[in-house]
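Colleague: Chain by chain, the residues:
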Amino acid sequence: MSRERLGRGSGLVLLAVLAGAVVSCGGEHEGALERVRRTGVLRWGGDVQGGEPYVFEDPSQPGRLIGFEVEVADAVAREMGVRAEFVQNDWSNLVPSLDRGSFDIAMNGLEVTPARADTVVFTRPYFVFSAQLVTRRNDETATSLDALEGHRVGTLASSLSWEILRERPVEVVAYEGTEEPYADLRGGRIDGVLLDDIIATRYGLVHSDLHLVEDVADGYYAVACRQHEEALCAEVDRALAALAERGELRRILARWEIDNDRQARLASWSEEDTRAMLLVRQHASFTAHHVLLFVQGAAVTLVVSSLAMILAVALGLLLALSRMYGPRPLSVAATTYVELFRGTPVLLQLHVLYFGIMPVLRASLSWDAGTEYDAFFAAIVGLGLNYAAYEAEIYRAGIQAIPPGQMEAATVLGMSTSLALRRVIVPQAFRIALPGVTNDFIALLKDSSLVSVITVVELTKRMTITAIDVRSYLLPGLLCAGLYLALSYPLSLLSRRLEERLARESS
Amino acid sequence: MSTEGSKVEAETAAVEKPVITVEKLVKKYGDRTVLKGVSFDITPGQVVALVGPSGGGKSTALRCMTGLEPFQEGAIRVGDARLSPGPLASHKRELQRLRLESGLVFQTWHLFPHMTALENIIEAPVHVKRVSVEKARNAAKVLLEKVGLSHREGALPRNMSGGEQQRCAIARALAMEPKVLFMDEPTSALDPQRVGDLVELLEHLTESENLTFVIVTHEMKFAQKLADRTLVLYEGHVIEDGHPDDVLASPKDPRTRTFLGMDD
Chain A
1 MSRERLGRGS GLVLLAVLAG AVVSCGGEHE GALERVRRTG VLRWGGDVQG
51 GEPYVFEDPS QPGRLIGFEV EVADAVAREM GVRAEFVQND WSNLVPSLDR
101 GSFDIAMNGL EVTPARADTV VFTRPYFVFS AQLVTRRNDE TATSLDALEG
151 HRVGTLASSL SWEILRERPV EVVAYEGTEE PYADLRGGRI DGVLLDDIIA
201 TRYGLVHSDL HLVEDVADGY YAVACRQHEE ALCAEVDRAL AALAERGELR
251 RILARWEIDN DRQARLASWS EEDTRAMLLV RQHASFTAHH VLLFVQGAAV
301 TLVVSSLAMI LAVALGLLLA LSRMYGPRPL SVAATTYVEL FRGTPVLLQL
351 HVLYFGIMPV LRASLSWDAG TEYDAFFAAI VGLGLNYAAY EAEIYRAGIQ
401 AIPPGQMEAA TVLGMSTSLA LRRVIVPQAF RIALPGVTND FIALLKDSSL
451 VSVITVVELT KRMTITAIDV RSYLLPGLLC AGLYLALSYP LSLLSRRLEE
501 RLARESS
Chain B
1 MSTEGSKVEA ETAAVEKPVI TVEKLVKKYG DRTVLKGVSF DITPGQVVAL
51 VGPSGGGKST ALRCMTGLEP FQEGAIRVGD ARLSPGPLAS HKRELQRLRL
101 ESGLVFQTWH LFPHMTALEN IIEAPVHVKR VSVEKARNAA KVLLEKVGLS
151 HREGALPRNM SGGEQQRCAI ARALAMEPKV LFMDEPTSAL DPQRVGDLVE
201 LLEHLTESEN LTFVIVTHEM KFAQKLADRT LVLYEGHVIE DGHPDDVLAS
251 PKDPRTRTFL GMDD
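Heads up: the sequence lines are chains A and B, in that order.
Counting from 1, position 255 in the first sequence corresponds to residue 255 in my numbering; the numbering is continuous, with no gaps.
Counting from 1, position 86 in the second sequence corresponds to residue 86 in my numbering; the numbering is continuous, with no gaps.
Simulated from the structure, these hints should not be mistaken for lab results.
Keep in mind the model is a prediction, meaning the values are calculated, not measured.
Take these hints with a grain of salt, some might be off.
If you only want the chain B side, here are some residues facing chain A, beta carbon under 10 angstroms, derived [as the list claims (entries may be wrong)]:
id, residue
1, 67
2, 114
3, 128
4, 156
5, 172
Beta-carbon label-pair distances, calculated as ranges [what the hints assert, rightly or not]:
id, chain 1, residue 1, chain 2, residue 2, range
6, B, 142, A, 405, 23 to 33 angstroms
7, B, 142, A, 427, 20 to 30 angstroms
8, A, 336, B, 89, 17 to 27 angstroms
9, A, 401, B, 207, 37 to 47 angstroms
10, B, 192, A, 492, 46 to 56 angstroms
11, A, 336, B, 24, 37 to 47 angstroms
12, A, 405, B, 245, 30 to 40 angstroms
Capping the alpha-carbon separation at 20 angstroms, the derived lysine to any residue pairs in SDA-like fashion look like this [stated by the list, open to error]:
id, chain 1, residue 1, chain 2, residue 2
13, B, 92, A, 327
14, B, 146, B, 226
15, B, 129, A, 407
16, B, 129, A, 418
Cβ coordinates follow ideal geometry from the N, Cα and C atoms, glycine included.
Isolated chain B, as found in the complex (with noise of 0.2 angstroms):
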């Protein structure tokens, strides 16, 4: 093998390196195993739908991949940060590593109620980066305008509606520049008539930044108007992974199908 070609080979691999690795991921409560062996890759800039069933497993892998659940048996990359089997308390390092390379957008968002729309944003640049207050709240600025919420800068949680807080939520999470955005249920606590909103604005963060986007949701509708790609978590296995469209018109498992309810 000659150095030129070697050098060829790393590049390539560098352009296609996942961003995001889950290998034979096993999760057990108690007795329970909701993860059995789940393994996916996510290329940066992907955006991925997890769906299935509630049950299925696509919350517990979230909650997995963010460190936020301890697991039992294989191993998640996110970024350069590994993760693997064991008590949570026992790899800070590796977590923290974590928490830099990757964002999480609550399904009730968690706002910090005590802090208003800006001070949430800054928070964790000013006392975790260590950003100076002053460029924290230019960027904060910045990302209140892409959310659509500056004339909400001032406001309290409390006060805002609960489209306002998601997007609050949103560019929290994003001024910590990760590179992986994930969304637990983003729909779930939305009026019916404010996910259109939603959709608009997470297109138009796929397209200005360079983010991947992991978003787990138990509609199929919503995953298909954003995502590029679709897994089904059913009973703690992948049963599916494709193309929104494509896992639509022809799933490969029978079970997917129950899932979607096309057998009625």
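Same shape as in the complex, but just chain A (with noise of 0.2 angstroms):
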């Protein structure tokens, strides 16, 4: 499970890896069971907008939680002869907070994966979900994981069904969000969606154009207890087992109406087959490979935002002096323009500009321009429009800043106004706004990290990817930070170079 998220989690999750590290390293702690014991309260992190069916707020009783995980974990509590507490966590961050000890436990549809596996200890599962592959109803040849090879299949990021994709011979694009890759397979910018069976259920398989094709593969909910915390994840297990004997865990799976013949396979559960869930396969090493995957990242975010930079800085002199030189409405047009680009997050833009506008003009201009470069082209086009607000303001300072007497000096010699801008007001506003928009290019370079919401993998998501997948935020995340500074420490010269010649000009 994962969920939409408007901001961005990776830099949080590096600090919180590295706090949990300082913290770990501390004198002898009261162990998790002893504190749950001597308190008996079972504090258990998860994060409420993960919605229906998980843990959800009433909405008929504002402030009361339900789902089935809510049930779940009154049930495992009252085994254990205490009270389950929850604790909010933000959902990308809830195994750091694990880690950090805000809570005992941590259990919000976490999947066993073999990155998790690495970092926590699992319990036996509550609940065996299918990766269901979920395709068009009208595309006849999609008809399995398959026959899909070549083409583009979407999943979120870091699942479970993320990780037995890219097994596959088929083009991954991860998805951050659970509405977003229905939008996308039913508007045709992929071809196959692969997820939970909970989450193709409920954001997949409503729309009457898709349908289920294939159970690719079952994976499993369970536990999440700290490392070095056994005894706890024991008990936890002990709790589990004893719900799933008597069939009360099927009772409460079958009141959110997700209990299935799957589920046959919980009451049986043996030790044999935890091992066999979290049987951890080799996992990645950072290798010489994971450096190019960078440099290509890289690449993508230069590009991005070079592309952006050059679309915002001549649409923002556009706007500028519109704004400063139009007829009224014009000028009204442009200072509107400005405000609502910059009054407003980038982010948001981005996701109305991909998954709102572009379907719509796709649909009504029957614009069909190969769907593969959609999100770059949203990309680059969203940050551009984004920019190009800021940009404005710069040249309109510039502009500003241009003694009066040179516009006098432009009319007198017969220059209409549109010439003596672009004879002679521009070409020295645009030295003066120079140090800006290149200040300016510099944070875009950094925005564009943004755009991995849209799927495009740039410098930012290839470290979090990797990072996962090499269990590890420290190689990834210096080799990241280290190309983001040769992007941008020539810039900053270059910006730096240009103030010293603007200084000196003036003097």
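Assembling the complex is the task here: the two chains are given apart, and the hints tell you how they should meet.
Modeller: In structure tokens form, the structure reads like this:
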């Protein structure tokens, strides 16, 4: 499970991991199990924004939490003779927060993946899910994952489905929300979506033009405990086993209409099964191949940023001139544009452009230019439109800094306003604006990491993916930072040089 | 009246026809009336100094005559361009004509700082008059020679002295071949010892070019050296009009004496 995030978690994750490492180096602690027994409270972490049927606010009784995981947590605590207490935590940071000790266990649709199995201790599962392949009903060739060889298949980054797809000869498109992959599947940007059956049922199969074609693999939701807290883990595992044996677990699942034949395995689950579930594949280590992928990511960052900046610089100039010299309606329109694009988050603009406007445009213009470039195109246009608002203001300040005598001198020589702007005002204003524009380009290089929400894999996204692969943020993080610096430091130098030149010229 | 006679009359009129006519010019800034019905004619080839104390209206008159300020009442004609009251944007055609009839050298010159001396001079001929770059450059070199700046043609304004910038601005204005050259306070931003050079240059230009000069200045001495006519503007009225020597020797209006400091 994952969810739409309108903020980026990777930096926080890195910090949290480092902080967690420091904390866990401390002296002897009271074990988690002792603490739970002493206080009589089992604190469990989850995110209410995950929605139905996991943990969510009762719509008829705001403030009260319901969901199948709430019931499982309560039942487990009862089994242990304690009381369950929910701790709200952003889903993407559940594991770091668990490490930090914000709660005793994490239980919120955490899939058992090789990457996670290395960082936490998992109990037996409380739900068996299926990674389901959903395709368009009218796409007769898309009958199985094998049939989609060479096609674009969407999923959530770092999910079990993501791990499965990466082993297959398909082009994996990584999303950060659950609605978007199915929207893109319906719009034809991708040809299949592989995700948990709970997500597929709620977000994909509700559309009549989509259908389920294959159950690709089974996966497990299990309770995560901190490493070296095997005692607590064993207690929770025993509680789950008891609930499963008595049939109570399946009754809970049935109440939430997620019970099915797959859950039969829960009652007869053995320790052997847990070992098989946790059988960790040889995990990747950081290699030269990763470095190559990082350089590719940096190239994507550079290309997206550069093209977006070219658009921003040209459109920004147009906006500034319209605002200052255009007829009133044009001037008002330009001012509105600047305020609109500066006043709303660029992340929102990217979302609206890619998932909102472009599909409508495509439908109404029956425009069909290579869907695989849609995201790239939207990234450049989205960032370009946003930065144009900022460039417009830099130009405006630049133009205002030109003494009025320059315009008068040009006017007296017979130049029209547009000729005077082109030959006299803009060339001077551009020199004044250039250091600011260069600084903005540096900012854009870093802001371009936001385009991963519309499936573009640039440098930061590449870092996050690799970090999860190799179980460490350290090397990927350092390499990523190094590449950003390598891109931006020359620009910093350039900006400083331009500022010095400007100071010299105006003295 | 015989046809012979009217032809003679017409020719006489053509010779004497003023190059500038200002009629009952009224200019207000909000509630403040700066020009209170100013009228004068200037005949071709005259060198006219507009003098007066600051606030007297001489600079405002210049800005109206050069189409940089709108005015409320009266009329201005410069060559074939006729300006009437109302916002500048409403008579673009006449203003465009005015630009071809006249040039202006600003008090602080306003050279284009991103262009060399030569580029400053050819800018308007090439982009406004659509003269070929080749022709414009040749003409500009002749002008640079005339104002004594040949050695500075590749210099940027910020590397030029004040006097050099002023001479470049004069050449820039002359490159458009105007009938009238307006100058705003040409001595105010110059070292006193450079003023002599300016007088020499302007004398040279008045002799060699068929130009009418209208020079705004607050220095009567400068006017006296150069002008063959002085108009004194005081509180929005023309209070003196005559040869500078005569104005200095026998002012008609007592306020002129005050302005000239002759009462002290």
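Colleague: Does the closest beta carbon of chain A sit nearer than 10 angstroms to the beta carbon of residue 114 (chain B)?
Modeller: holds (5 angstroms)
Colleague: Do residue 192 (chain B) and residue 492 (chain A) keep their Cβ atoms within the hinted range of 46 to 56 angstroms?
Modeller: holds (48 angstroms)
Colleague: CB of residue 142 (chain B) to CB of residue 405 (chain A), is that within 23 to 33 angstroms?
Modeller: With a Cβ separation near 27 angstroms, residue 142 (chain B) and residue 405 (chain A) satisfy 23 to 33 angstroms, so the hint holds.
Colleague: Given a hint of 17 to 27 angstroms, does the C-beta separation of residue 336 (chain A) and residue 89 (chain B) actually sit inside it?
Modeller: Cβ of residue 336 (chain A) to Cβ of residue 89 (chain B): about 24 angstroms, so the range 17 to 27 angstroms holds.
Colleague: Mind checking the CB of residue 172 (chain B) against every CB in chain A and telling me if the closest is under 10 angstroms?
Modeller: Holds, about 7 angstroms.
Colleague: Please test the hint of 30 to 40 angstroms on the beta carbon pair from residue 405 (chain A) and residue 245 (chain B).
Modeller: The hinted range 30 to 40 angstroms holds for residue 405 (chain A) and residue 245 (chain B), with Cβ atoms some 35 angstroms apart.
Colleague: Was the hint right that residue 156 (chain B) lines chain A, CB cutoff 10 angstroms?
Modeller: This hint holds: residue 156 (chain B) lies near chain A, its Cβ roughly 9 angstroms from the closest one there, short of 10 angstroms.
Colleague: Quick check on the hint: residue 128 (chain B) CB to chain A CB, less than 10 angstroms?
Modeller: This hint holds: residue 128 (chain B) lies near chain A, its Cβ roughly 4 angstroms from the closest one there, short of 10 angstroms.
Colleague: Holds or violated: residue 146 (chain B) and residue 226 (chain B), Cα atoms, limit 20 angstroms.
Modeller: holds (18 angstroms)
Colleague: Next pair to validate is residue 129 (chain B) with residue 407 (chain A); report whether the Cα-Cα distance is within 20 angstroms.
Modeller: holds (18 angstroms)
Colleague: Is residue 129 (chain B) within 20 angstroms of residue 418 (chain A), Cα to Cα?
Modeller: With Cα atoms ~15 angstroms apart, residue 129 (chain B) and residue 418 (chain A) stay inside 20 angstroms; holds.
Colleague: Using the C-beta atoms of residue 401 (chain A) and residue 207 (chain B), is the stated range 37 to 47 angstroms upheld?
Modeller: Holds, at about 42 angstroms.
When each numbered hint is compared with the structure, no violation occurs for any of them.
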